[in-house]
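Chains A and B supply the protein sequences, listed in that same order. Using numbering that gives the first Met the number 0, you'd call the opening residue of the first sequence number 0 and step up by one each time. Using numbering that gives the first Met the number 0, you'd call the opening residue of the second sequence number 0 and step up by one each time.
Calculated from the model, a selection of chain A residues having no Cβ within reach of chain B, i.e. all distances over 12 Å:
1. Pro356
2. Arg614
3. Gly620
Selected chain B positions facing chain A (Cβ under 8 Å, derived; list incomplete):
4. Asn32
5. Gly37
6. Leu73
7. Leu92
8. Gln96
9. Ile100
10. Gln106
11. Tyr109
12. Tyr111
13. Met137
14. Cys144
Computed beta-carbon distance windows for the label pairs:
15. B:Thr3 - A:Ser246: 42 to 48 Å
16. A:Ala382 - B:Ala164: 57 to 63 Å
17. B:Asp130 - A:Met546: 35 to 41 Å
In short, the hints are calculated from the structure, not lab data. Everything numeric in this text was worked out from a predicted model, so none of it was measured. Every residue, glycine too, gets a C-beta built ideally from N, C-alpha and C.
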Amino acid sequence: MISLALPRREFLKAGGAMVIGFSMRGTPLAQEPAAVHARAAVPGPPDQKLIDTWIAIHADNTATAYLGYAELGQGASTALLQIAAEELDLAMSQISSVRLDTHVTPNQGATVASAAIERGGPQIRAAAAEARQALLTLASRRLGVPADQLAVSNGIVSVAGDVSRAVKYGDLLGDQPFAIAMTGTAPQKMPSQYRIVGARHPRLDLPDKMTGRYTYVQQVRLPGMLHARVVRPLGQGAYADGARIASLDESSIANIPGVRVVRRRDFLAVVSANEWDAVRGARQLKVTWDMPASLAGTAGLFDQMRSARTTDSVIAEKGDAAAALGRATHVVQATYRGPYQGHMPFGPNCAVADVTPGGTTVMCSTQGVYGTRDKVAKVLGVAATNVRVQYFEGAGTFGRSCYDDAAQAAALVSKEVGAPVRVQFSRADEHGWDNFGPAHLADVKAGVDASGRIVAYEYDGWQHVWSTVETSEQLALGTPANESPDGTSRNLNKVTLGSMYDIPNLRLNNHRVPGISGYLKASNLRSPLDVSFAFASEQALDELAHMAGIDPVEFRRRNMSDPRWLAVLDAVANAAQWTPRTNAAARTRGTIVTGRGVGLGTHMTSYGAAIADVRVNRSTGAVVATHMYGAIDAGLVVNPAAVENQISGQLVQAASRLLKEEVTFSRTNVTSLDWNSYPILRFAEAPAVTTIVLQHVDQKSTGAGEEIMAAASAAIANAFFDATGARLREYPFTPARVKAVLA
Amino acid sequence: MAVTLTVNGRPQTVAAAPDTPLLYVLANDLALNGPRFGCGLAQCGSCSVLVDGIETRSCVTPLARVEGKRVTTLEGLAGYYATAARLEKAPELHPLQQAVIDEQAAQCGYCYNGMIVKGAELLSRTLQPTDAQIRTAMNGHLCRCGTYPRILAAIQRAAVMMKEARR
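Generate coordinates for the entire structure from the input sequences, incorporating the hints supplied.
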C-alpha cells in the first residue's frame, strides 16, 4: 500500500496553483439554513414517531417538510410538498423542503420502486395532519374557541364565521418544536376537499436547473478539495474476478507535478489539486491488470444461462398449464432474449468525501442516503454514525448506478490523503463498471381456444439477481463478490406476466442463474426486468391473437375483466384512434413499411397500456418508433403534470432500450464504453408522444416512474410484427438483427 | 501560463495549462455551473458553450484555442441574446430557458445546458425552425431521461416568443 503521509497543508502546496480557485465557492455546509443546522448535531435517523421529525413551523408563517425521498428528476420533491401543503392548509409558496441528509431527514427507505408517492406520500400526509391537529389545539387555547370551530387558510387559523379572530401558525409555534409524538388519529382531508393535491403544479427544481444555479453533485466544490479519478481496467470482467493489479509503474506519471497515486490492494486512484492533471494522470498511469477470460462473451451469454445450474422456483401457479396446452386450438411456443442494459446516467457518477478524525461527510447522488452511509462506513472501518451523507442530485440514474461505488471511492481517497476529495467517474468508468440491468432468457408457451380465450400460459425465465458488493469495496478490501437473495424485481414478475388476463391455467417457472462467477455486475434498472418480461409475454399473446384472427386490442379486451386494466387499454386505444387490424403478414411489400402494436404491463403496482407506431426500412434494417401513446392508472395522481412527463420519458426511453441499447462484452471485459459503442435513442429518431393520466382520487397513489416501460417496449415489438409480418424475439432491434429476420 | 478570454461579456485571465479543456476552467476556475461534464469525448453535448456564437464542446476544447475569444455559457445566454437582438434591457432568461420551464420539459435537467445552448444557436440563425430542422440541429445532443419531444416543443415555443419580441 502506498499511502500519502503528507499533512493536508503540505499536500495542497504540492498541488500547485489551482488551490486558490477552490475558495471561490463556499462550502454547502456553510450554507445550512437554520431549519437544518439545529437538527444536524446528532446522527440520524430521527424518530419517525415525532412530528418534529417531519414538519417545522417558522415564525414567518412558513413551514419546512423533512422528506426522506430524493428528487431524481421525477418531480417527487414537488409532489410531496403538495401533499404536505394540502394537509397543513398552506399555500405551496409557504412550504419548502431541505436536502436529504442522514443527520437531518427521516429514513423512509431508498427512493426506489416508484415509492416516493406510493409509500412516502401517506407518511408525509399523516405527519402534516398531525401537525395541523397540534396547531389547532394551540390555536383553540389562544383564541378560546373549540378546535372544531376553527378554519385554516394559508396558515392563518380563524374562528369560523369571524375572520377577525385569527392567529398565524407562525405566531403559535414560530421556530419552536412541537415536542409531541404523533397520535395516529389526526383527521386527514377527504379527497373531495383537495385543492393542491391532484392539481398540476410546476416543478420547483426546474428554474434553477435551467439557469445554472442548481448544484448537481458533479459541481460540489469544497475549500481545499482535491480531484481524483479511479483507475480501473477499461470495462469490468466477471463480477467474481473484480480486477487484480499485475504491475504498476508510478514513475509513468512523474512528469505531471502534484499528481499522486493512491492504492489500496487493487483499488487505484490518482489525485491532484488540479482536475485536468488528475485526468491526465489517470490516462497516463501505466498499470497492467489480470483479467481472466471467464465471461461467455455477448454471443455466448444465453447458452451459458440456459445451461447454468439454476435455483428453480414456481412464482405463480393456477390450474394445469401443461394439460391445457394440449387442448388448445392454437399454441405459440417461442424463445425470447433480452440483453444486459445499463443505467448510464448522463453525467457519470461523482461523489465528494471529507474524512477527518472527527467524522466523515459524503456528498453523493445516492437513491438512499442511509444505505450509502453503511457502505461508506464499511470501507472506512468506522461506525455508521460516524458518517454523514448528504444528497446532491446527479443526472437521472434510473436505479442503482455507480453512486455508492463513487462514494466509497471518494471516502477511500480522502482518508488516504487527509483532504476533501471529489471522485468523478469517466464515461468509460460509468459505462464499463455499471451494475447493469440483468439479461433475461424466456421460453413461453401459450394457447387459445376456438373462441380466442387464453387457456394456457407457461413462462420459463432465466436471469441472475443483484450484486451487493460495490467495486471500490471489492478492490480495496478484497470483499468477495456476493449477491442479493431472490425477491421482488429479481424473480419473474407475476404482475407483468399475465396477471392482467383471466388465464385459468398459468405457471411461472423462475430459473435463478448463479450470477457471481462468469457474469457481469447487476442491479435494479428502471422497472427491473419488466422490459424483457413484457417483450416476451406480450409478443407471445400477440402471436396468439394473430393465429386466432382477432384484432390485438379486441383480443386483450376479450381476455380481461379487471376494470382498471380495461380502462387503461381503452384509454390508449381511443387516444391512438385504434382501428381493428388482423392482416399484419399482408402488409409486407415495399422497402419502407409501417405498423402499429399494443402492449400492457407495469412493475408491481399501477396499470400501464401503450401503443406504438413504427416505420421499418426493410433494406437498411432501420426501425423508428414514430409515435408512442401511453396511459397510466396510478390511483390518486398528486401532480398530473409530473406523471405526464414520466410517461413521456418512459415511452422514449423504452424505445431507446428496445431499439438501441445493449451492453457488449468479450471473454474478458465489457466493450461498450461510450455513447458510440452503447448507442441510445437520439433526437432525430425520437417518437412523438401522447400521454394519458387516468385520475382516481378515491384510490391510493401507486407508482408512476417506471410503470409503463414494459407496456411501451412490448408495443414496439408488436408494431414491428404488424409492419413486417416477422417476429423479432431478441432485442435491441439492431439493423443486423432486423435484416436477418426479414431475409 | 495565463490565458485571456471573454466569458459572458467579462474579460477573464486564467492561470491554467493551455491544454486544459475549457470545461475544467469554466467549472473550477470560474465557478460556472452551466457547462457540465458528461463524457469528455464530445459525444453528448452536456458541456456545450458558445464560442464566438458557435456551439462548441468545452470538454475537448483546449483553453489555448479560445484565447481572445468570446465564450458564452448558460449563465450568460440571456445577455448574449439581448445584445444580438439589440434589446434595450437583457431579459432575466433567454427565451428558450423560459420556454423549457413553461413546457416543464426537463426531468433531471443535466443535459439541458447543452440543449439550451444548442437550441439558442439554432434560433439565432433559423428564426422559425421546422420540426425536421430542430431534429437535425439537435441530433448531437443526447438526453437519457427521454425528454426530446418536450425540448422540441420548447424550441418551437421559444421561436414564437422571439418573434413576438422582434415586433
